[in-house]
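Novice: Knowing the structure of chain W, use the given hints to seat chain L on it.
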Amino acid sequence: MIKIANVSKHYGSFQVLTDCSTEVSKGEVIVVCGPSGSGKSTLIKCVNGLEPFQSGEIIVDGTSVGDPKTNLSKLRARVGMVFQNFELFPHMSITENLAIAQVKVLGRKQDEAIDKGLKLLDRVGLKAQAHKFPGQLSGGQQQRVAIARALAMDPICMLFDEPTSALDPEMVNEVLDVMTELAKEGMTMMCVTHEMGFAKRVANRVIFMDQGRIVEDDSKEEFFANPRSERAQQFLAKILHH
Amino acid sequence: MYEFDWSSIPGALPFLWDGMKVTLVITAQAVLIGIVWGTLLAMMRLSPIKALSWFAAGYVNLFRAVPLVMVLLWFFLIVPEFVGQLFNIPRGTDMRLSSAMAGFALFESAYYSEIIRAGIQSVPKGQISAASALGMNYGQAMRLVVLPQAFRNMVPLLLTQGIILFQDTSLVYVSALADFFGAAYKVGDRDGRLVEMLLFAGVVYFVICFSASQLVKRLQKKYSTA
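Protein sequence lines, in the order shown, are assigned to chains W and L.
Be aware that the first sequence starts at 1, since it is given in full-length UniProt numbering, and climbs by one per residue.
Be aware that the second sequence starts at 1, since it is given in full-length UniProt numbering, and climbs by one per residue.
Any given hint could turn out to be false.
Derived pair list, reagent style DSS-like, types lysine-lysine, alpha-carbon separation capped at 30 Å [as the list claims (entries may be wrong)]: (1) W/K238 - W/K184; (2) L/K125 - L/K222; (3) W/K220 - W/K238; (4) W/K69 - L/K125; (5) W/K104 - L/K186; (6) L/K222 - W/K74; (7) W/K132 - L/K222; (8) W/K109 - L/K125; (9) W/K116 - L/K125; (10) W/K26 - W/K74.
Listed below are several chain L residues computed to face chain W (Cβ distance under 7 Å; list not exhaustive) [stated by the list, open to error]: (11) V123; (12) G126; (13) S129; (14) A130; (15) A133; (16) L134; (17) G135; (18) M136; (19) N137; (20) Q140; (21) P148; (22) Q149.
Note that these hints are calculated values from the structure, not bench results.
All figures in this text were calculated on a predicted structure; none of them were measured in a lab.
Virtual Cβ for every residue (Gly too), placed ideally from N, Cα, C.
Bound conformation, chain L alone:
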């Protein structure tokens, strides 16, 4: 019978908190860049200019057809070489965090752009006609009329995608980056208490994600009755 021993957890908390900070930073910046770049991609995809629409479609299909772990590995192994040469960054500089952030942001943009495209398409066509009839150009019609409505419809989906992203950040372990999961693994391994540490990490992930999705549900209710 396995004897659980939780005593190493309290001492590890500061280290775990550092890991959580890395997780949160990666999540936050990927959500932010994902939404901005995703919006641009969605607008390109819906644009009448063929070249833009093809580029966006290609981008989205590429990233959605490749496992996230692989994208992260590319960004960990290959991209730093290029970027390092390009900007004359000395060899051996730790670029793991920036690589991971770039990988996540570019990957998640593909998913966000699909959510945002659906959101834009959910706004009735007549709204663009009305905006144009008032003399607004395409950019104004998008910015002032279509996108605000689209985002309002999309808030729950965007948040849900954010929660998935939060969990997916654990994949940065492939680059040995100490995010929350990575930190838990390292401490557990060091203290010979891997099982306890990973159970504890699982509980933390569950509590955060479950409460966040409950929050989204309540938000959704509030919006749908408004």
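Isolated chain W (complex conformation):
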């Protein structure tokens, strides 16, 4: 489904990604973790072309992301993405947030789009909030709406960029529950997150990044039981012991 081959990226002389390669099969859930500044967010933003890269190749469902001839908008419409800061559109109601891209990008009819949006809103437990504006919802609620908004496009896979990092602790679980649910239904997912509990429960594989390189790419059992690199051992020791 997603193939990342030898991807490198630099800003000027600063190397952000170095020779990253991995693959995500249909239905797989991958957790990408690592210290901040390790390039994990940049890597998943490369997958839908939000970040350009200078060398290597990324193929999503047969389409090359780096190819200048690729219609990126068309590709992105099929790849769902959830951001750290939710990024709901504050000037639109929840219903409009859910419907706008369905109508303007996919060309669905307004009532069909609203219908679909409301169904997904119900699924993330927020049907009662449909008429409200993003500013009136809690962070956890906004992130669930953001997930519903991405799902409304019937994506072939979902990218999560630290979806719980901006949330108050008591709201983290409501978002993780929605993601867990989604994984169980067989959605292909690539999640940048520090939530190791989520990784242990849900992930098939864990990718560990450090200084722009993929240091570990293992099954979660292997990763948590015997991390090979020293850097990953240190990281796990720090993150699991409090």
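Specialist: Coordinates of chain L only, in the frame set by chain W:
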């Protein structure tokens, strides 16, 4: 001691009203064109295409570095010659109003574009990312997501600029066009009551601009609490 005599004012009101209409027309069209052309300029300025961005930067810097009176004089003295030849308009046709309107619109666009550029930049970058991630192209992301938010943040500034513009229209006196100020001057001069007439005009300008800016303040309060 100067003896004030206000008696010539009531009789002059219809003439003054005609002048006010000219003022309002110039203001309204300059605000309208200024916002539309200013938005385009702002988008060019922020565009990754170098040629567009340079053109917009050059345009804005040029107009902001030149006094408005001078721009109006150019448009009054030079441009009609060109345009007249271009479209075969007979010599002597009164083009003062259209010249003034063109001058104001092009001049004010430079100011509006700076306000709008700041407004666009005030919208978090993540909003464009989110719009793109949903498959919107650049134009859709701008039109549906960024500009509506930018304009909402900008409404008070745009209105304030409109009030300044309203006052600046008095500069069309350089082309002897009878806007409100010009009309007041002409009538006052004719009746030998220039001081009264200009005081009266000043009061009218003050009342209009002051009430308008109070209105903007209230609007601003309403928006900031919303």
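Novice: None of the hints should be skipped; say for each whether it holds.
Specialist: Evaluation of the provided hints:
1. W/K238 - W/K184: holds, 29 Å
2. L/K125 - L/K222: holds, 26 Å
3. W/K220 - W/K238: Satisfied, since the Cα-Cα distance of roughly 18 Å is no more than 30 Å.
4. W/K69 - L/K125: holds, 25 Å
5. W/K104 - L/K186: Since the Cα atoms of W/K104 and L/K186 sit roughly 56 Å apart, the hinted pair is violated (cutoff 30 Å).
6. L/K222 - W/K74: Not OK: L/K222 and W/K74 at ~40 Å, beyond 30 Å, violated.
7. W/K132 - L/K222: holds, 19 Å
8. W/K109 - L/K125: holds, 29 Å
9. W/K116 - L/K125: Roughly 28 Å separates the two Cα atoms, so the pair holds.
10. W/K26 - W/K74: holds, 20 Å
11. V123: Since the shortest Cβ distance to chain W is 9 Å, the answer is violated.
12. G126: This hint holds: L/G126 lies near chain W, its Cβ roughly 5 Å from the closest one there, short of 7 Å.
13. S129: holds, 6 Å
14. A130: holds, 4 Å
15. A133: holds, 4 Å
16. L134: Holds - the Cβ of L/L134 comes within 7 Å of chain W, reaching about 4 Å at its closest.
17. G135: holds, 3 Å
18. M136: holds, 6 Å
19. N137: holds, 5 Å
20. Q140: holds, 6 Å
21. P148: holds, 5 Å
22. Q149: At 5 Å from the nearest chain W Cβ, L/Q149 passes the 7 Å test, so the hint holds.
When the structure is compared with the earlier hints, violations turn up for hints 5, 6 and 11 and for no others.
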